[in-house]
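*Asks:* So the chains spell out like this:
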Amino acid sequence: MIQGLKNKTTSRRNFLRSAGLTSTALFLGMYLPAGAKTSKVVNLGDDVDEDGIEMNPWVIIDTNGRVTLVSHRAEMGQGVYQSIPQIIAEELEVNLKDVHIKFAQGNGKKYGSQITGGSSTIRGSYKNLLKLSATARVMLIQAAANKWKVPLTECYAEAGNVFHKPSGKKYNYGELVTDASKLHVPDNVKLKERSEYKLIGKPLLRKDAALKTNGTAGFGLDKRVPGMLFACVERNPRLRGKVKSFDDSDARAIPGVKDVFKVTMKVFNTDREGVAVVATSTWAALQGRKALKVFWDDSGFEHINSTDIYQRHEDILKNKDGLVFKEQGDVNSIFSQASDKLDVIYQTPYESHAAMEPLNCVAYYQNDKIEIWGPIQAPDWVQDFISKEFNLPAEKVIVNMTFLGGGFGRKAFLDYPHEATLISKQIGVPVQVVWTREDDIMQGPFRPGMSYRCEGVVNNGKIDAFRMKLAGQNMDNFQSDDRSKPNESSSEGFLKPYFDSIKNISIQDVPFETPVPVMWWRSVYASTNGFAYESFMDELALAAGADPIEFRKQHLNNDRLHKQLDKLIEVSGWKNRKKNEGYGMAITECFESPVAQVVKVSKNPDGGIKVDHVWAVMDCGWYVNPDIIKAQVEGSIIMALGAATIHEITFKDGLPEQHNFYDYHMPRITDIPPIDVFVMDNDADAGGVGEPGLPAFSPALTNAIFDLTGKRIRKLPFSLAEI
Amino acid sequence: MITLNVNNKNYEVDVDPNMPLLWAIRDVIGLTGTKYGCGVAQCGACTVHLDSEAVRSCVTRVSRAEGQKITTIEGLSENNDHPLQIAWNELSVPQCGYCHSGQLMSAAVLLRENPNPTDEDIDDAMAGNICRCGTYLRIRKAIHLAANMQKNGNTKG
Ligand code: FES
Ligand code: FES
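Sequence lines, in order, name chains X and B. Residues in the first sequence are numbered consecutively from 1, following our numbering. Residues in the second sequence are numbered consecutively from 1001, following our numbering.
Derived from the structure by calculation, the hints contain no laboratory data. There may be inaccurate statements among the hints.
Calculated lysine-lysine pairs in the BS3-like style (CA-CA distance at most 27 Å, straight line) [unchecked claim]: (1) 192/X with 149/X; (2) 97/X with 1141/B; (3) 1141/B with 207/X.
It should be emphasised that the depicted structure is a prediction, and the values quoted were computed from it without experimental measurement.
One chain only, chain X, in its complex shape (with noise of 0.2 Å):
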């Protein structure tokens, strides 16, 4: 367990600094690897670092025993608010409904990362985490050892107390915290079995649903700070072009509007220009906004249309080679010799991500001092470009993270915080930017729409070659240094071990732009590539007569995924459905973590396809709360139902076509067929939770259709209410 720790080590150092120690609050927290010096104590508070020591404080307890617990990390619905704490909590030895919790502000040098995304909250943190509430708890049980000049061994920890076994006295950590932070800093202490858990891995109920169910959960929209002005901006609507002039004056005009100018913000490397309307309320700036006319100048730049894309995308899958990911055997000579070889395209679209909270942001510039307050993903990374933006030092500028009224990966740019801090520089005062849902709907940066070229030969029941090739806008790729290399992007959502077993393989990844901004969404490019890769699977299946379950677990010579593609077998009744009755399966990886799905669809009686029931797998090793596990994988089973058969972005003339939810339709509560979960209990490391639920449904979805009606969608998004 402790293994993996071993480049954050902890001994020999003062785990606190003693001199200086005039506070009360210890501060326990994790060592980065380089450079770490020794860890501080200081007001309680106050949460500003001092110059130069690179110590990250998750544990903060008073000398009255208040126990404050931070997470670093955003919460934008996937449950660190909870997670954190019940992690923390197990191994500090303190009751979780004692524990207040606050939200970190942006600082990578306190915190290591800090960007929550790529589903890494709890694999990044855990171990960490661990150990150092370990430590702490048994700094405390030493202290308490001292005070009454007992063994160690006689003393254990409890709810927030130290108790002396023999005797039954007691100490709560508030009355040894002081005595605890000058002590030196234990080595390998020794973590509690997963059998001694009394938090991890139980499905407590989560903290925030409290703050949630009566209003007072403070979402970036609801942050108010005295003397703001809110505002609104009319920002190119084709994304690319300039600000030629605009007209105001019928703007100016509306009661409450306090003043218009143009506003540029960065998005990558391009120019986002905009008219910002700032006024007294949002409702007096979206009335100016209305009111305002913007010429613009949008020459220079293709104004693209989905058809002609998706067609390029064709044409360059068909005659140009990519660049090569993965390459073994001679996929080659097998394709020239096979006499039947499937070839076949197929195609994702854009996407929202139309987080339920619109992006906004609340930002006050004061000369030599920057400070942010929003739903934002990323603070470590706001305060980095900021800082850099506005040339200050990034201690100067303070980022406070709010709850995220969802975020998708949307929020984790840095665009919306750039901007509101333009806007706050010009007019003076704290300003909070709010995007309209048209904005955030219309604005992107978009999941690019990808298209996939997958060929293969079936010999003998298995797979003899099999190429994919991915056309796309691709992130890794556009922002990299050297755009000669390939990235990984083209594998992720599969599965590693058909590396093994399919000898002959080629992965490419053949380049393709257009103006369009893209970027990150949940489960990122595994959420397009696993339709393609396991819709092909359930071809090349179908081609070697085989089962689908057993012909995947043929091909991935792998314990744990077996155990996964069984208990699949088992929950579903898998072995019991007749031929063609509507089943279909998949199964994905995703940062780290398999999950495997089988869906269920009939025929509607009214016409259409029926989604009748989704049973979804779940491996992410280790894990913290299996109630917050399976509701990820619910949402994400809906997020992708969406993609799949609901909603897309297209572009005419450059302009996305889409505005808001009465033509970016998303999923409703009439729409949700029944989900059951199942969390596979094991002992390899946490993998991602918040995301990997997503890939494998369309494509267990599509191989179900195809179960039950024979015919193979490989273009989403299709209508379940047309087939």
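Given the coordinates of chain X, work out where chain B with the ligands should sit on it, guided by the hints.
*Replies:* Relative to the frame of chain X, chain B with the ligands by itself:
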């Protein structure tokens, strides 16, 4: 000046009578539990009660709300103990939570008018509320749980 009665309290607001109630509640009165999601009556995030009926506050003018009793999520119960709120907590319904003020306000009207809703009744009543995080299955379950609690006179879980 327009007088708005929100959660049994009178507020004098000096706003354009055409301003949607949503923005008056959030920006002028300062109660931020009611959410903006679409502004065009599509998502239900802004749902409040107007004389006990669920309305989309993003498309309800302040002038229409004048003289009526407005209830927002902050006024649904005193102590977060409406049966629906209890059920929502017991089943950890919210993920990001942004949609749930509106979900709860819609569900509250359903439960008042139909203390024993079927799945279908729930779907009918809740189809106007979008949850991007996909908490729908738990919403359905929680409404049933709340209905049971209400039936058994148990409002404290
Ligand atoms: S904000 Fe009113 S229905 Fe969406
Ligand atoms: S919980 Fe996030 S939108 Fe419903």
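*Asks:* Now tell me, hint by hint, if it's right for this structure.
*Replies:* How the hints compare with the structure:
no., hint, in the structure
1, 192/X with 149/X, "holds, 26 Å"
2, 97/X with 1141/B, "holds, 25 Å"
3, 1141/B with 207/X, "holds, 19 Å"
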